[in-house]
Structure formats: structure tokens, C-alpha cells
Amino acid sequence: MEPIILAIILVCIIIGGMLGSLGVHLLPVGGAPAAMATATGIATGCVMLMTGSAVTGLFTASTVAAFWESNPSVLLVSLSGGVGAMLMMGFTMLIANLIYIFGAGVVPVSGRAAVDPITKESQTEYKTPRTDGHGVPNVCFYSGMIGGLAGGFGGALIYVVLESDVYANFPVAIAAVVALGIFIANAIMAAYNIGGTIEGFHDPKFKERIVTGLTCAFVISLMCGIIVVIAIETGVLEAVGGVL
Amino acid sequence: MTVTPAVEEEEKKEEEEKPKEKFEFSFDYFNESRLGLFALIVGAIIAVASFFPPLPAFVKGIGAMLVIVWGADSVRKTARYGLGTGVPSIGVLAVGFGLAGAITGMAIGSEIYHYFGIIGILGILAGVAFMAVVGYVSGVLANNEKFIGMKIPGLERGMAELAMAGTLAITLESSIVAGTWYSAAIMSPIKGYDVTPAAFFAVIFILSGFGMLQPYNSCLGADERRGRTLLMAIEIGGINCIILGAVATMSLGAVQGVPLIVLGAIVWVVYYRAYMKACMAEAYGTPGTGLIKTLGG
Amino acid sequence: MPVISLFAWLLVIVFLAFIACMFEDLESDVGSQSNPNSQVQLAPEMGYIHRYYNKAISGEGLSYALACTIAGTIALLLLLKFEPTYGPRAAILAIPVGAAVGSISHMIRASVCYPGRESAHKRFEQPIYLDVFYGHLVPIATHNFIAVICITGIAYIQSNLTVLSGVSGASNPFPLPLLCLIWGITVGAIGSSTGDIHYGTEREFQDRPFGEGRRVVYHGQICRYGDCGIRTSKDIVAFCAKYGGPATGLTFGLIVLFENWRTVIGMMLGGLAGAAWNPGIAAVSGIGLGIAVAIVLIVLNTWLVRWARKKFGPFVGE
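Protein chains in written order, with numbering that gives the first Met the number 0: chain A, 0 to 243; chain B, 0 to 296; chain C, 0 to 317.
Worth flagging that the hints you see were computed from the coordinates, not collected in a lab. None of the values given here were measured: they were computed from a predicted structure. Hints may be right or wrong, so weigh each one.
To be verified - Straight-line C-alpha distance at most 30 Å; calculated DSS-like pairs for lysine-lysine:
#	chain 1	residue 1	chain 2	residue 2
1	C	K233	C	K121
2	B	K276	C	K121
3	A	K206	B	K150
4	C	K80	B	K190
5	B	K276	C	K233
6	A	K206	B	K145
7	C	K121	B	K150
8	C	K309	A	K119
As the list claims (entries may be wrong) - Restraint ranges, calculated between C-beta atoms of paired labels, are given here:
#	chain 1	residue 1	chain 2	residue 2	range
9	A	K204	B	R272	39 to 49 Å
10	C	P1	B	G191	23 to 33 Å
11	A	E1	C	A275	26 to 36 Å
12	A	D164	B	K150	40 to 50 Å
Note that CB positions come from ideal geometry on N, CA and C, so glycine has one too.
If we strip away everything but chain A, and leave its shape as in the complex, we get (with noise of 0.2 Å):
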């Protein structure tokens, strides 16, 4: 294969890996706290949101890169899946909000930033004394909207370079399943990076990690990047065209 493919493959593959690093680092992540009302953000893991909401990207996209019977266009699939990761954390957080006020009777408010950035609504004196926050306020839901975003483009950029047949041409289960590792990889190492829970750009963890966590984003792509592009050099993996 061309030498100048190869480097755009990379070059995807890296940036697909720090972007679904820096889509970590956006979401709102409470963990098992945010179950309990405790910290502000979503009652999950960063890895298992940010992989859900990609997958559902990746679904999608999968959807319109068949669209095209041959050479997808890059841009529209990844932000096809992007939009698709982005509905699922709206609808998610939204619906979180909804049993935060009805069912458990409390103020969607954020534990880290005494006024919203946003809105400029004051926060400090809803909040329950000794929690750390708790719903999903909304400077947390609009930061929860660009990560998905972030997120399910990277992942979906990453399968969509290794599912075209101009690019890497590799069937399409093992590009899904591909993508999937390198950006679980990605997402595990970027929630190593902010230990468990943030509220999004406005909390001051974010711009403490960022760089921290782009930069393994990086070397971690990097890696895993140089691995499939050796892969796909030896040509052995290129779909047969028409089977499964």
C-alpha cells in the first residue's frame, strides 16, 4: 500500500484515540457517588458511558458508510457517529435529571463551580451540605454534549479508516472490533487520568489532566496505530468483497 495512505491511517487512528480521550475528560462522570446523590454528574464509570455512547455512534455510522457503495466519505461517517453519541449522552443525562428531581426530590446542582459558567446561575446554596454536588446541572450537560460529540467522531473516524476500501479495507467486523479496542484503550487510560470523577471543562481537574491525558491519548495511539498500520501492510486482512 501506498506510503502516504498508511500515514493518513495513522494519522486518524491518533486522532481518533485523543479524541475520545478528550471526550472522556468532558463528560460528566459522578461514578458510584453520582449514584447516590453525592457527586454532581452521570451515575456510571467514564469507560463504560463513553464506550456506550460511541458504540451507538458506531452504529450509525456503520449505517451511512453503507450508504456509499464504495470510498465513504470520512467527514460525514464520523460525524454521523458523533451526532449519534451526542443524542445518547443528551437523552441519558436528561432522563438522569428527570429521576434526580422526581424521583429523589433534588436540585440538579454542581459541586465545583459556585456560579454556572453559562447560565451565571449561583449553585453554592442548593447544594446539600457535605455532598460534592449533584444531578446533572446544565454547564455539566452542555460539556456532556460535546464530549459525546468528541467521542463517538473519534471512534467513528477510527472505523471508518479501517473499514474503507480506499484506506485500510479491512471487513467490516474486524474494523468495528478493532476501533472498539484501541478506543476502550484510549477511554481506560483517560479515566486512569481523571480518577474516577469530573464535571467537565469547567471543573479545575480538567485543565490540571487535559494535557496529561492527550498526551497518553497520544503515545497510546501512537502504539496501537503502528501495530494495525504493520497489519495492514502485510495486506493479508483486506476484504474479500461481499461476504460478511
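Fit chains B and C to the given chain A structure using the hints.
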């Protein structure tokens, strides 16, 4: 109700001391280093040998079980210091790396085989070696003060081991489904059907991941014991063999598949019993029913 | 009318998704799983001996990915075996049998968790209650079966949509097990991020004041009393089935509805695989519709949070 007065408890405890010895499967010889080395060597030999389709699937199944036990042990070793995001994450990391490594290993091995003949089948180990490096570097990134700074002793080695175990497990399980890890067999349709073995990568991915991450997650606690955790790892290896055996029966025929299912069933029954007995014997008590004791009943 | 039948199948998928995610959440409440389980795990260490079922297979996303992928694999095997003879009717056998295998495997995995975790609590004097152990296995398997059969059904419909609806290009190119993996991860991620709140915040700490976040000092001090006697995990389902479960089902149903809806509308705007088929327009209109829905969601959430702040007011009390 008089469920557990203090005296009865004392007696029960004494009774339980004895069976405890009996059920304690000794993993003392196979300490963490020996188990890892043994599983790596045996797993690598079986992985290389599984290039040849006549190799019975149950041999590969044994190899996969060994590798999964090794992975579960590595998860236990690293996750016991607390990861911040739950135990399962590191097991998924292992199979995530393993997928990339296994597919690369298969591609390299097949390509060298095309050019240099039979010696090329050692190329499958290239994937394992690559993943060892990737795993080690991720461990350094995660542990180093300058980067994430998790400060977990032995995380570098643990992640390298996990990446290797994940690669070997996925290689072995793919070769169970396709008969060999030769890329032409993985990529071409199964005889008589319009589906390739690659369609089963999803189930291979999640089965090997669970073999590694579930044992420590399910046994977590102050009184967790390594022997018990590893018993569960072997038991899950048995379940994996049953399901992969069903797939192999379809793709390769009953001669390959049925022995694997039988092996899986025997392993599962033996180790499930052993694990349950060990748990029941080592628990504080196993009342048939009863109220919680702080209610005074 | 292929497009109408495409929409009809889409609505079937949405209905199945609603049922699947609702039962997924309730199943995670039968044997306490995922994030609220951290409190069940912590309770004996705080001296709170309990009769909850501690089902720590893994996070919900992964454990559902496992059960659904096994179901999808077995279903695919049966379909490959019987489809040449019986045609699409083979699915009537394949999907339930696959789901049964998946849920039995899930039950076996659930059965090793309670003894494992409680025997690791020996020093806190937490026994293994055998009635809790045996009594929860069948509810776990049955709730799981309904969730898994719905997910397998969704995956089957999506991978055969071209044949079922008559619109070419409507099928998803992924094989059945991979689709099951995708929806399994998603259904678990949603179940743990929305449904768990009702269980973790409200039901697990029902004896604490309503309307405030659960303070850190309460952690581990879970509510162990039922309406009469001692609470087991089975009592939680009846409570969560009234709000947490349906709301969770609604989340997944809406996600599946809008994800497929915008793709199908995009396909129609793109010319529906005829001579005028333009994949670029199809993709762009799908993306545009998705962004429109996202903006509506942002507005809804802003409005909801503002309403709650006004209605509930600042925190009063200690």
C-alpha cells in the same frame, strides 16, 4: 428466632476450620511469577501450534484457560490497590490491546509464512511481543509521576502481562473458531455458510475479557483469597470452552467441537463445586435463613 | 409501501428497546449491581449486616454485553443451521434459544458473586444467607431473559431489515453478535447511568430525609428494613418498577427511536436507493436532524433545571 447465638458460632467456626484445609486448592507452587511464566510459555507454544488445523480444539481450549487464569491473576495483582474506576476497566484494557495485538500477530505470521514457509508461524509471537511493549509503556504512563501518577506497585509489569495474556487468549480462541489463525481461514467464509470466523470476534472479545475481569471483581473484599479467585477463573474458562465449542461444532464439525464442549463441561462442574464449597466453608456462616443479627433475633 | 414498513419495523425496534432497557434496570436491582452496589459492599464494613444480594459480575455495560453477545452468537449458529431449510421462520426458534443460553450463562455468573463477595466479608461477620442466595437466582434469570431476548430481536431485525422491509440498503452491515455487543454495552451503560439513581439515591437510603443529596457520612449505612421485616433485594424491584425502570426504558427507547429515525429520514431525503440516490445528501440531512434534536434536548434540560431550582428553592435544613 435463635439463629446464631455466640456459642453456636464458636462451634461452627471450629468445625469450619477443618474442611477449609481440604478445599483449599493450593496455588502455592504457582505463585504469581511462576504462573505467569508457565502460562506464557505453554500459551505461546499452543498458539504457534494452533496454526495447524488438525490440532484438537480442546488443546487450544486448555491453553486459553491457562492464559485466562494468568490474566485474572494479573488483574488481581494490579487492581488490589484500587484503580479509581472499578476492577473491570483493566480487564477490558487487556482485551482491547489483545484485539489489536492478535490481529497484527495473525497478519504478520501469515505474511511471513507466505514468503519463508513454515518458520513463519513463529510470527504470531510478534503480536505478543508488540503488545508487551505497548502494555509496558502504558503502565509507565499510568504509573509515572510525570504523567498520570497512579502509584500502583508493579503496574508496568501487570499491564504488560495483561496485554500479552489478552493477545494470546484472543489468538487461541480465534483459532478455536476458525481451526487455525491463518488469515486466509479467518477471512474466508466458513465452509457451507456465508459467514466468516471474523463475525465471532465480538463474542471472543467479551468472553476472554470476562475470564480476566470477573474473578477478582466478584471475590473482592477484605478476606479475598487468591486460591478462591483463581478457582473462579478456571470455572469461567470452562464456560468459555462450552460456548466456543458450540461455535466450533458449527464451523469445524463435531469432531473438533464436541470434545471441547465436554472438556468445558467437566472443568466447569469440578471447579464450580470446588469454588462454591470453598466459599461456603470460608464464609462467616451459612444460615439457611434468618434475620440480621442487629435486630436481636 | 416499503418505506411505511420500514417505519413500522423501526417502531417495533423502539418498543423492544423500551422493554429491554426497563427490564435491564430492574434486573440490576434484583441482584444489586453496578454503582449502588458499592454501598451494599461497604455496609458490612460499617457494621450494617444486610440481606441484599451482592451481584458484582462487573459493570452493567459489560455484563449485558456478555449476555447479549452470547445470545447473539447462539442465535446466529441456529440461524445458519436452520435458515437454509426453513427460511426466516428459523428466527422463531433461534432468538429465544439464544436468549435462554445467554440468560442462563448470566445466572451462573451471578451465582458465583454473592458467595464470593460475602465470604470475603468474613471479618465483618456477614454470613451467606442461603435463602437469599437461592431465592434471587430465578428472578435474575427471568428479568435478564426478557432484556436479552429483546436485544437479540433488535439485532436480528436490524441485520435483516432489507429483507423484512423491502428497502434495499436498510440492513446494518455488522454480523449479529457484534450488533448484540453494541446494543448490550449501550443498554447497560444507560441502565447504570439513569436507573441506578432511583435505586441508589432513593431506595437504598429511604430512611434518610427526602430531597437532599446523600451525604458522605451516610455512605454504607443503607436501609435494611422492608415494609415488614428485613429487606432483600427482591423488594427493591417493586419500588423501582414504578419510576426508575420505566424512565430507563424510555431513555433507551428514545435513543433508538431518534437514531434510526434520523437515518431513515436522511435516506428518504437522499432519494431512497433509487436512481436519484445521493449518499451525501442522505448523510448530511441525518446529521442535521440529529443536531436539531440535540438542540431541543439542551433547551429541555435548561428549562427543567430552571424549573426545579425555582420550585424547590435553595437548600434548607442543616
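Given pair status - K145 (chain B), K206 (chain A), alpha carbons within 30 Å: Measuring from Cα to Cα gives roughly 16 Å; hence the hint holds.
Given pair status - K121 (chain C), K233 (chain C), alpha carbons within 30 Å: 24 Å, holds
Range agreement (Cβ of R272 (chain B) with Cβ of K204 (chain A), hint 39 to 49 Å): 48 Å, holds
Distance restraint hint 26 to 36 Å, applied to the beta-carbon atoms of E1 (chain A) and A275 (chain C): 34 Å, holds
Restraint check for K276 (chain B) with K233 (chain C), where alpha carbons must lie at most 30 Å apart: Holds - the C-alpha atoms of K233 (chain C) and K276 (chain B) are around 25 Å apart, at most 30 Å.
Cβ separation of P1 (chain C) and G191 (chain B), checked against the hinted range 23 to 33 Å: With Cβ atoms ~32 Å apart, the hint holds.
Pair hint outcome, K80 (chain C) versus K190 (chain B) [Cα-Cα no greater than 30 Å]: 12 Å, holds
Hint consistency between K206 (chain A) and K150 (chain B) [alpha-carbon to alpha-carbon, up to 30 Å]: Satisfied, since the Cα-Cα distance of roughly 21 Å is no more than 30 Å.
Pairwise hint evaluation, K150 (chain B) against K121 (chain C), where the allowed Cα distance is 30 Å at most: Answer holds: K121 (chain C) to K150 (chain B) is near 29 Å, not above 30 Å.
Distance restraint hint 40 to 50 Å, applied to the beta-carbon atoms of D164 (chain A) and K150 (chain B): 46 Å, holds
Pairwise hint evaluation, K119 (chain A) against K309 (chain C), where the allowed Cα distance is 30 Å at most: Holds, at roughly 15 Å.
Hinted pair K276 (chain B) and K121 (chain C), Cα distance within 30 Å: Judged against 30 Å, a Cα distance of about 15 Å means the pair holds.
The earlier numbered hints are all upheld by this structure, with none contradicted.
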